[in-house]
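Visitor: Based on the sequences and whatever the hints tell you, model everything.
To convert a position in the sequence shown, counted from 1, into the numbering used here, add 222.
None of these hints come from the bench; they were simulated from the model. Backbone N, C-alpha and C fix where the C-beta goes; we use that ideal spot for every residue, glycine too. Accuracy of the hints is not assured; some may be wrong.
[What the hints assert, rightly or not] Ranges of calculated distance between the beta carbons of each label pair, as one might list FRET restraints:
{"hint": "1", "residue 1": "A245", "residue 2": "A265", "range": "32 to 42 Å"}
{"hint": "2", "residue 1": "A244", "residue 2": "A265", "range": "28 to 38 Å"}
{"hint": "3", "residue 1": "R235", "residue 2": "I271", "range": "27 to 37 Å"}
{"hint": "4", "residue 1": "A245", "residue 2": "P266", "range": "26 to 36 Å"}
{"hint": "5", "residue 1": "K243", "residue 2": "A265", "range": "15 to 25 Å"}
{"hint": "6", "residue 1": "A240", "residue 2": "V275", "range": "17 to 27 Å"}
{"hint": "7", "residue 1": "K276", "residue 2": "V250", "range": "15 to 25 Å"}
{"hint": "8", "residue 1": "E236", "residue 2": "C274", "range": "12 to 22 Å"}
{"hint": "9", "residue 1": "P277", "residue 2": "E230", "range": "30 to 40 Å"}
{"hint": "10", "residue 1": "M223", "residue 2": "P277", "range": "24 to 34 Å"}
{"hint": "11", "residue 1": "G242", "residue 2": "C274", "range": "11 to 21 Å"}
[What the hints assert, rightly or not] List of simulated lysine to aspartate or glutamate pairs, DMTMM-like, C-alpha gap at most 20 Å:
{"hint": "12", "residue 1": "K251", "residue 2": "E230"}
{"hint": "13", "residue 1": "K251", "residue 2": "D229"}
{"hint": "14", "residue 1": "K276", "residue 2": "D264"}
{"hint": "15", "residue 1": "K251", "residue 2": "E236"}
{"hint": "16", "residue 1": "K251", "residue 2": "D228"}
{"hint": "17", "residue 1": "K243", "residue 2": "D264"}
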Amino acid sequence: MLAGADDEVFHAREYTAAFGKAAAHVPVKIVPGVGHIGLTLDAPAIATIIGCVKP
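Guide: The structure is reproduced here in structure tokens:
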């Protein structure tokens, strides 16, 4: 799960705890300084996405 730390739509910082309560192992990466739309538009966020999926 990738999310921007400044997401205006979701409470991204709560994802880790929420998945933990559901007993689901879901890695969560919070990208600092990025909002909801910026996660797919900002160069630092795109670099983080590539780093997470590139072998």
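Visitor: For each hint, tell me whether it holds in the structure or not.
Guide: Right, here's what the structure says about each hint:
Checked against the hint of 32 to 42 Å, the C-beta distance between A245 and A265 comes to roughly 36 Å, which is consistent with it. With their beta carbons about 33 Å apart, A244 and A265 fall inside the hinted range of 28 to 38 Å. At roughly 18 Å, the beta-carbon separation of R235 and I271 lies outside the given 27 to 37 Å, and the hint is violated. Take A245 and P266: their Cβ atoms lie about 32 Å apart, and the range 26 to 36 Å holds.
Remark: the range hint 15 to 25 Å for K243 to A265 is contradicted by a beta-carbon distance near 34 Å. Checked against the hint of 17 to 27 Å, the C-beta distance between A240 and V275 comes to roughly 22 Å, which is consistent with it. The supplied range of 15 to 25 Å is met by K276 and V250, whose beta-carbon atoms lie about 18 Å from each other. Distance hint check: the CB atoms of E236 and C274 are about 20 Å apart, consistent with the given range 12 to 22 Å.
About 32 Å separates the C-beta atoms of P277 and E230, a value consistent with the hinted range of 30 to 40 Å. Taken as a hint, the range 24 to 34 Å is violated for the pair M223 and P277, whose Cβ atoms sit roughly 19 Å apart. At about 19 Å, the CB distance of G242 to C274 agrees with the hint of 11 to 21 Å. For the proposed pair K251 and E230, the alpha carbon gap of about 17 Å is at most 20 Å, so the pair holds.
Distance hint between K251 and D229 is fulfilled; the C-alpha atoms sit about 13 Å from each other, no more than 20 Å. Restraint check for K276 and D264: the C-alpha separation of about 18 Å stays at or below 20 Å, so the hint holds. Distance restraint check for K251 and E236: the Cα-Cα separation of roughly 12 Å lies within the 20 Å cut-off, and the hinted pair is therefore satisfied. For the given pair, K251 sits about 13 Å from D228 by alpha-carbon distance, which is consistent with the 20 Å threshold.
Simply put, K243 and D264 have alpha-carbon atoms about 31 Å apart, too far for the 20 Å limit, and the pair is violated.
Taken one by one, the earlier hints fail for this structure at numbers 3, 5, 10 and 17, listed in ascending order.
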